[in-house]
Every structure is written in structure tokens, then in C-alpha cells.
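Enquirer: Residue strings, one per chain:
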Amino acid sequence: MKLGSVTYASAIIGAIWGGLWMLITGLVLMLVTGIIAQPPIGIAASVGAIAGVLTVCIPLEVRTRRWQILRGLSILIALMLFTFVMPFGISIDNGVIWNLIFVLIWGALLSLSLDLCLGGYSSGKTNRYRLEVLFLRLMKGLGFVLFSIFVMLPFYVMVMTSLKSQQSLLFNPLDFSINFEQGTSKLFRSYIELFTQYDFGTFLLNSAIVSVVTVVITLLLAVPGAYAVSRLKFPGQAFLSRSILLIYMVPAIVLVIPLYAVFSQAGLRNSLWGLLFVYPATTIPVALYMLQGYFRGLPMELEEAGLMDGLRRIGVIMKITLPLSLPALASVALYVFMIAWNEFLFAFMFLDDFDMFTLSRGVVSLNSSEVPRQHLMAGAVVATVPVLIIFLWFERYLVAGLTAGSVKG
Amino acid sequence: MTEQVTPPKGIGSMAKREMRLAYAMLLPTFAIVLSIVLFPLLANFWISFKPVQLADLRQAEIKINEQLRPKPMAAGEDVILRYRVRNSSQKDPVSDVFLRDIIPAGLIIGAVPEICNLEERELSCDLGDQEAGSRLEIKIPVTVEQSYLDAGIRPKDLPMQVSGTSTNALTSFDFTFDNFRKVFASSDFWSVLRVSLYYTIFGTAGALILGLFAAQLLNTAFFGRNVLRGLFLFPYVAPVIAVAFAWVLLLDAGPGGTFNAMLQSMGASDGPINFLGQRSIPFTVFGFTLEFPMALTTVILFEAWRYFPLSFLFILARMQSLSSDMYEAAEIDGATPLQQFWFISLPQLMGILAVLFLLRFIWTFNKFDDIFLLTGGAAGTRTLTVDVYEQAFAVSNLGAGAAVAVVVFIVLLFFALVFFKFSPQDDG
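Quick mapping for you: the protein sequence lines, in order, are chains A and B.
Counted the way this note's numbering counts, the first sequence spans residues 15 to 423.
Counted the way this note's numbering counts, the second sequence spans residues 855 to 1282.
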């Protein structure tokens, strides 16, 4: 064994991965099985550090599959010895199988991380370049793991809470194990009650109507507008194409008070009509901006050919421009749908009647101490699932739309 | 002499037609944007100078209840036809009130009061001005005939007309500076402004840094990259109500809060931490006791979590378009990976980072939903936008709310001007 920067770095990297994976497997063990564990992070980190140093001390050509298995076994045996056969800080008797499975997972993840980070490195000194590569490998690995957890955890809690009962959550908040023996109707009780007792069917329908109609109105108004801005010459054209996005800088909260006052007196409050006025107004500027950018990129010659052959403007738009810009129309439609579906402020201010609630408004009405929290989370899942499905289905278009518009938050 | 050929002066008929067509195509957009964005913007300024309460939105009007007392049972009974007149408002008078009603057949009408006038069966009364909250009764003695009982048409069934003019609190020319005086005099205002700035600056910076980091992770191709990219966009795509409540439950300080239970089982904290409900946690550095703003930090973290996908997407798109030549040259010259990032990637990303900072800064400043759903503006997290809601709808003072909204707009205008003056002109 040679001492040097790589040796020290391998110890640190091993310790970080050993401790981190113990923390994560310990938590997952608790969440999945309901066993209350006390993961021995310090011991796991020490084992990881030893394994890290061991890895870089072995010559590169000796690190074969067989050696990897041998190292994995030694890691597991070391952990077992150091923790007195309590790998998760509790007697292995509560759930032997689960304990063993998760210890194996820990060992496998640690081995994998060590190989990915330390592959190609031997103990001893090295130059700055190779050291930085080592550092970046560690950071990337940590980034992937922590980012995924950071992004997923709230969604995981949301889905799992909706499937549990209030008592079991209060008893052990870390136990997200799902009891499949109770049958599907009991498992999905919150969802069934939402649709039978809380009118979520109506809310879902209202949200769908408002979102789809908003998309239709927005496209109907934004397509001619965008065409005019990108293709026709008129005074103020350049100014318009640059300043249309400024509308987006106006905060919704500044518009809410006058709109509330006027809609109250005009009887537009507490009806979906009111929302169908407001939503398109907030989405048209961005739709227009996205579409005019796309229209500009289309070859003008095609349209001129159409005009020469006797088409009128409307014919050119319908027969040439629109068929060519279907991808842009799709991404604008999806983006507008997403905005309308997720909108909260105006729905919250304008709707009072249960019959009129959109999903956003309906879920807020579940946020009271009288409604159990699994209902609230089930409502959140119901509101999230449609837009996530659409998003995953059309991800390509939506991503294109989001970047093309350089748009709103 | 040859005639000089000049291009036609002015706008030709073709150009004119094209212009008219363009305006026609833009008209619907203009109409809706004017009515839903620009008009309310101006109306908000108007309201901010007016003493308007939430209750004033219901205009003062005259309510009249018409009844026969006692209820006639047989022909020949003498009963009273009674009109109960009431001004529904406790604040505003209604002037020139005039009542018109048709009395059903089969009722023999006795003497009508002086203010009333009877022609055939049509009764008209001039009620003059009715003060706020005033009540008035008009009694007319009538005799019931059998035909009335048979016909079954009651006084209520025939249409009654009431006219009168009342002032609409919104359109009256009644102005005041009280709203602004109240806003600026309140001791909260400056702390609200400070919280807004902290939230905006750190929320924006957090989202940008997370986005930059995430973009670095996904810049190289590997198996499962598209899945991970989709996953990283979840927080932005999901409805704000869903993710906000998920965070609230996750960070709950009561029994059943997942995150606190995790910390405690790890031994990382002794008791539950109230992430969203505690204003500050004191801690000591070098003998100084400082306050760590707990709830504000949590909402800033939420902001960064929810909006990093947007900056991630833009930064990633920009990074993919960078050419690899420079990296190859740097590699040959022996630049280390971190040097390559610092001296090659970052300068090329500066443009998009500046644009993103500008846009996100303004949108974060405008953000209302997130804080409203997470804390409701409690525990030192009240920003200007939440304050607008609090003043206008929780305290029911529309005028004061509008005044705060004006402040929001002016601060925003200030930022926008500063940004447009100093922002780089490339990219976008």
C-alpha cells in the first residue's frame, strides 16, 4: 500500500458512500417495512472507508469480477462483525429476511459506487487533473442520488399517505408499508370517498372543461395574432413582437382585486365563465410569442407560392402554415393546458360553489382539520396524475414548448 | 424631357389592405388583453385611492316585502295590505325611491297614504330618499272579496317595480390617501418588503444553482438519461396545490410528520422542528446570538425545489449547443475539468444565466400561491403579494389591498427598468 492523495481520497469517498447508502437503505427499510431501525451510519462509513482504501490498493489488473464478489462479501462480514450482527442498529430478529435483503442491497450499492468512482485509480500520489476527475465522479454520483431523492420524496409521501389511514400514520409516520391483504376497496378507500362524498368527479370534469376550452380559445386567438405579427407588415409590428411578453410581467395578484370587484358586480364570479375570460388572457401572450417565433422559422416561399396560385390569406394559413406548424401547436396546446389545469389563484378567489370547483379549488377545500389527511393527499394525487400522464406522454413536445417560449413560472 | 419615375408616395392599397388584415387578426387578442390585464391594472390604481371595503361591493338597494295581514280566510274580511320597505345597506342612502305595483283583482282598496297614488289597480308611491338602514311601512286597508279567494292570485305574484339611485362605491368620485398612509405607516410594511426581497433573491439564486448543477449531471449521455430528465421536471409540472400540501405534510411538526420522524430516528434532532411554523431559531456563533429564519428558509427551499426544473431545462439546452472544439483544445493544453467548467462553460452560460435570473427574479417576486399555501404568510414569511391578499380579503379592506398591489407594481417596474438597463443584450 502506498500512501498519497488517491489513498486518502479513496478513504473519504468510501466513507461517504458507506454512510450515505446506510442512511438511505435504513430509511427505505423503515418506509417499506415499518420496522423502526437505527442505521449505524458511523460504522457503515468506517467499513466503506476501509473498502475504499482496499480497492485502490489492489492492482488494476487483479480487479476482476471474482475480486469484486470477494470484496463485497468482506464488506458484509465486516459490517456484521462491527455492529454485532445488528446491521440496522436493531436485533436482526425483527424481520430477518428484510434485514438481510437490505444489508445485501447496501453492500451491492457500496461496491457499485466504489467501482464507478475509483475505477482506474491506484493508491499513491497523482496529479491535479486525475484528482479533480475523482472529485467530479463523487459529486456526480452524490448529485444523482440526492437530486433523485430530493425530487421524489414529496411525491412519494403524497402517494403513500393517500393509501394509509390516519391512525396508522400517527402511530408510526415512517411506516409507508402497504397492506395488500386488506383488499383494493379498502386500500383505495380515500379515493373512493373523494369521488362518492366529496364530488371529485364534478371537480375533475370542471377542470377538464376549463382547461380544454382555454386551450381552444387561446389557439383560436393566438394563431391569427401570431401570424399577423410574424408575416404581415403594419406599423408597430416590431414593437409588438418584442413587447408582447411584457404582459407576463404583470403580477396576477395586482389583477385580482379589480377583477374580483368587477366580476362580483357583473355576476361572473362563481361561474366557470369568469375563469374562461381570465385564463386565456393570461395564456394568449405567451402562446402568441411562442407561435410567432415558430412561424418566422417557416420558409416564406411556400406561402408566397400559395398566394401566387390563388389562395387567399386564410387559405394560406389553413392549408400551408398550420399543417407545417403542428409540432409548435402541440407544444403550445400542452403548455397552455398545463397552466390552466394547475392554476390556483383565480380559481380560489372566484369560485365559492362546490358545483363550480376546479380540482385546484377542490383540493384546497379538503385542507381542514375535519378532513383526514389521506383524503387531502388523495385529492393531490388526483390533481397531479392527469397532468403528469399528459406530460410523460408528450414530454418531447412540452420540453420543446417550454424552452422555445423561454417562458413563465 | 423624360418623366422622372419615382416610387409611389404614402401607403399603397395593397399595403393598406395588409395592414387592415393584420389589425383585424390582432383585434381579439388586443380586446381580451385590454379587458383582463390593462383595464384591471388601471382599475387597481383607481381602487387604491378609494375607501372601499369588501362589503361595499354589494351596492345599497331597497328591499320590499309585500303581505296581506292577517291572512284572509273568508270573503268580506277587512285586512291590511302592507309594504315593508328597507334599505339593505347600513352605510349608503338610496335616493329618489319610487315604488310601482299592481294590486290583484278582488281586493277593494280603502284610503291610500298621501305619498301614494292609485290609478285603477296600479299603485305608485314616491318614497323619496331612504337613509342607510332605514325602514318604512306602507299600510293600505283592503276588503277581501270572494273572487280574490277563488282566483288565487296573491299580491306577491304580480310584478312590483322599485327604482332608486344609489352610489356605487367603486365608481363614485370619493378619493382618499388613507390606504397609502395606512400601508406606509404600518410597522409591518418594511419587514414585509424585506422578506419579499430575501425570498426573491435567495429563491431565484437557489433555483438557478440547483438547475445549473442538475444540468451538469445530465449533460453527458448515459442509459436512463431521458427518464431522469422527465423526473427532474416533475416539481414544475405538478399542480402547486398538490406539491405544496405534500411538503406541508412531509414537514409537519405534529405527530405523523414524516421528515421530523426521520430526523429523530437518526438522532439528528431532539424534538420535532416546526419547519413551516417557527419564525426563527436562535444559535450562537463566537458569542453572538443570531436568529436563523426557519420558516422563511423552508419556503425559499420550496421555491428552489419547484422552479429549478425550468432553469435546468434552459441551461441544459444551452450546454448541448456548445461546440466541443474548445474543450478539446483545453484538454490538450492540460486544463483540468474544473478549470474547463470555470473558464469555458460558465462564461458561455453567462448569457442564459442572466436572462434566467432576470425572468425568475420577476416571477418569484410576483409569486403568491406557494407561500400562501405553505404558511399563509405566518411565521415571518409574509411577502408583499401575500400582504395584498391579507389586506384585501382577510382584513376585508379592498382599498388597502389595492394600495399594496400598487406598491408591488412599482417595485416591479423599478426592478424591470434596472434589469433592462444592465442586462446583456445577447441570448434570449
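Among the hints, erroneous ones may be present.
Lysine-lysine pairs mimicking DSS-like chemistry, simulated, CA-CA at most 27 Å apart [as the list claims (entries may be wrong)]:
#1 B/Lys917 - B/Lys993
#2 A/Lys200 - A/Lys16
#3 B/Lys993 - B/Lys925
#4 B/Lys870 - A/Lys247
#5 B/Lys945 - B/Lys1036
#6 B/Lys925 - A/Lys247
#7 B/Lys917 - B/Lys1010
#8 B/Lys870 - A/Lys333
#9 B/Lys925 - B/Lys1010
Which chain A residues stay away from chain B? Per the calculated CB distances, all over 10 Å, these [said to hold, decoys possible]:
#10 Lys154
#11 Gly157
#12 Leu234
#13 Ala295
#14 Ile334
Since the hints were made in silico from the structure, they are not lab data.
The beta carbon of each residue, even a glycine, is placed where N, CA and C say it ideally should be.
Enquirer: State for each hint whether it applies.
Expert: Consistency of the hints with the structure:
1. Using a Cα cut-off of 27 Å, the hinted pair B/Lys917 and B/Lys993 holds, with the two alpha carbons roughly 16 Å apart.
2. Proposed proximity of A/Lys200 and A/Lys16 is contradicted: the alpha carbons are some 62 Å apart, above 27 Å.
3. With a C-alpha separation of about 15 Å, the suggested pair B/Lys993 and B/Lys925 falls inside the 27 Å cut-off, and the hint holds.
4. Taken as a hint, the B/Lys870 and A/Lys247 pair is honoured in the structure, with Cα atoms around 9 Å apart against an allowance of 27 Å.
5. For the hint linking B/Lys945 to B/Lys1036, the alpha-carbon distance of about 22 Å falls within 27 Å, and the restraint holds.
6. Between the alpha carbons of B/Lys925 and A/Lys247 the distance comes to roughly 76 Å, so the proposed pair goes past 27 Å and is violated.
7. Between the alpha carbons of B/Lys917 and B/Lys1010 the distance comes to roughly 13 Å, so the proposed pair stays at or under 27 Å and holds.
8. Proximity of B/Lys870 to A/Lys333 is assessed by CA-CA distance (about 24 Å); at most 27 Å being required, the pair is judged to hold.
9. Between the alpha carbons of B/Lys925 and B/Lys1010 the distance comes to roughly 13 Å, so the proposed pair stays at or under 27 Å and holds.
10. A cut-off of 10 Å between C-beta atoms contradicts the statement that A/Lys154 is not in contact with chain B; the least separation is 6 Å.
11. Not every CB of chain B is more than 10 Å from the CB of A/Gly157 (nearest about 5 Å), against its label as outside the interface.
12. Non-interface call for A/Leu234 relative to chain B: violated, since the shortest CB-CB distance, roughly 8 Å, does not exceed 10 Å.
13. Once the 10 Å rule is applied to beta carbons, A/Ala295 is inconsistent with being away from chain B; the minimum gap is 3 Å.
14. A cut-off of 10 Å between C-beta atoms confirms that A/Ile334 is not in contact with chain B; the least separation is 16 Å.
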